[in-house]
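Asks: Turn these sequences into a full structure, and let the hints steer you where they fit.
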Amino acid sequence: MNAEPPEQTYTGALSLMTCNDFVKERTCLMTSAPVLLMGGSGSIGRRTADALRAAHRELPLLIGGRDLGKAREAASEIGNAEGVRLDPDIPDLGLGDRPVRAVAVFYSDERLASLHYAHARNIPHLGISSGVFEIAPEIAIYMHRPEASAIVLGYEWLVGATTVTTLECAKAFSRIENVVISALVDEQDSGGPAVAEDFERLNKMLPSALSRRDGAWIWRSGNDAKASFRAIDGTVIEASGFSSIDVASLAAETGAKNVEFNMGTGVSSSRRRGEPKSTEIIIELTGEGQDGQSLRSRHAVFHPGGAAALTALGTSMIIERLAGLNGSPTPPGLYFPYQIVDRSAYLSRLKAEGGDLISLG
Numbered sequence: 001m002n003a004e005p006p007e008q009t010y011t012g013a014l015s016l017m018t019c020n021d022f023v024k025e026r027t028c029l030m031t032s033a034p035v036l037l038m039g040g041s042g043s044i045g046r047r048t049a050d051a052l053r054a055a056h057r058e059l060p061l062l063i064g065g066r067d068l069g070k071a072r073e074a075a076s077e078i079g080n081a082e083g084v085r086l087d088p089d090i091p092d093l094g095l096g097d098r099p100v101r102a103v104a105v106f107y108s109d110e111r112l113a114s115l116h117y118a119h120a121r122n123i124p125h126l127g128i129s130s131g132v133f134e135i136a137p138e139i140a141i142y143m144h145r146p147e148a149s150a151i152v153l154g155y156e157w158l159v160g161a162t163t164v165t166t167l168e169c170a171k172a173f174s175r176i177e178n179v180v181i182s183a184l185v186d187e188q189d190s191g192g193p194a195v196a197e198d199f200e201r202l203n204k205m206l207p208s209a210l211s212r213r214d215g216a217w218i219w220r221s222g223n224d225a226k227a228s229f230r231a232i233d234g235t236v237i238e239a240s241g242f243s244s245i246d247v248a249s250l251a252a253e254t255g256a257k258n259v260e261f262n263m264g265t266g267v268s269s270s271r272r273r274g275e276p277k278s279t280e281i282i283i284e285l286t287g288e289g290q291d292g293q294s295l296r297s298r299h300a301v302f303h304p305g306g307a308a309a310l311t312a313l314g315t316s317m318i319i320e321r322l323a324g325l326n327g328s329p330t331p332p333g334l335y336f337p338y339q340i341v342d343r344s345a346y347l348s349r350l351k352a353e354g355g356d357l358i359s360l361g
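Position 258 of the sequence shown, counting from 1, maps to 258 under this note's numbering, and the rest follow consecutively.
FYI, nobody ran anything at the bench for these hints, they're computed from the structure. Please read these numbers as outputs of a predicted model, since none were measured by experiment. The beta carbon of each residue, even a glycine, is placed where N, CA and C say it ideally should be. Honestly, I wouldn't trust all of these hints.
Unchecked claim - DSBU-like, lysine-lysine: derived pairs with alpha carbons at most 35 Å apart:
1) K70 - K351
2) K70 - K277
3) K351 - K226
4) K226 - K277
5) K257 - K171
6) K277 - K171
7) K351 - K257
8) K226 - K171
9) K171 - K351
10) K226 - K257
11) K277 - K351
As the list claims (entries may be wrong) - The calculated label-pair distances, taken between Cβ atoms and stated as ranges, are:
12) R111 - D356: 36 to 42 Å
13) G215 - E110: 33 to 39 Å
14) D291 - D224: 32 to 38 Å
15) N178 - D87: 43 to 49 Å
Replies: So this is what it looks like as structure tokens:
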């Protein structure tokens, strides 16, 4: 797990920079520093901590939150971790000058306290709770000092689960015209209070769905936002458009003229078979194949642990890259998850956890 990977070139803001060029003098200083998980005692944060602990037993963790008791309890259960009380109203979050290797925040940080803290100290940062309409303040912080550190906009659906797998499917195409992503959330899959809070806020603030149609950016609303799709087992699921940032990242990466994201809630295919709930993402692509002929593909991503488990897979792998746990730290830049997560490693871990990316014909 900890072997040095081949030198990797990034496609973020510093596109000509390689890992081996990136401020090597920082590496020794940060090697023994802990990773700060803000909200690490919550559902997604705890799963991420467990994933990091399983892969990197010696990695020290700071489990941060407002409730010191909960943070300490989670830290004790995780091992090689410390629970700390965080104060978002002060610049150092109450941590003083103690070194931190990377920061991940698992709740809606309205003050951007975590990003201000990390960016001022040149520490890489991952946030997963903002919406596509909330990223301007974060981009402004990055633009003010782009050389400071890596910032990952981890707001893609389930933190890279859609984009990493879609780009794997896209390898069969020489040109992509249409990308349709459909997420099925099992009605029993709550994901924890922070996730519920995110959904409530996003649906309230942005009832229309950002989409790309015939090369133009539009907002789908009303009947135009209604959709349906077939789950893995073929059941038709009623859905509606959702403004996931996946739409923007996939349009930029593939050049597709038509990109949309739809979400439906219901019974997952596994539960209809009498098994526990799962989470599903249906990926439909049309365009031109490598042979120049018309090509249409339909794939599905699923995870038997539900949305929280799939989110933790993405967040833990991003933290590994930001902190340099599997090689050199990620260079300064503004990134989507798929730009720093190794695709083959992601798919391998997905399978190891009982999930998969499968062809639906």
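Asks: For each hint given before, does the structure comply? Return the numbers of the non-compliant ones in rising order.
Replies: Checked against the structure, no hint fails, so every one of them is satisfied.
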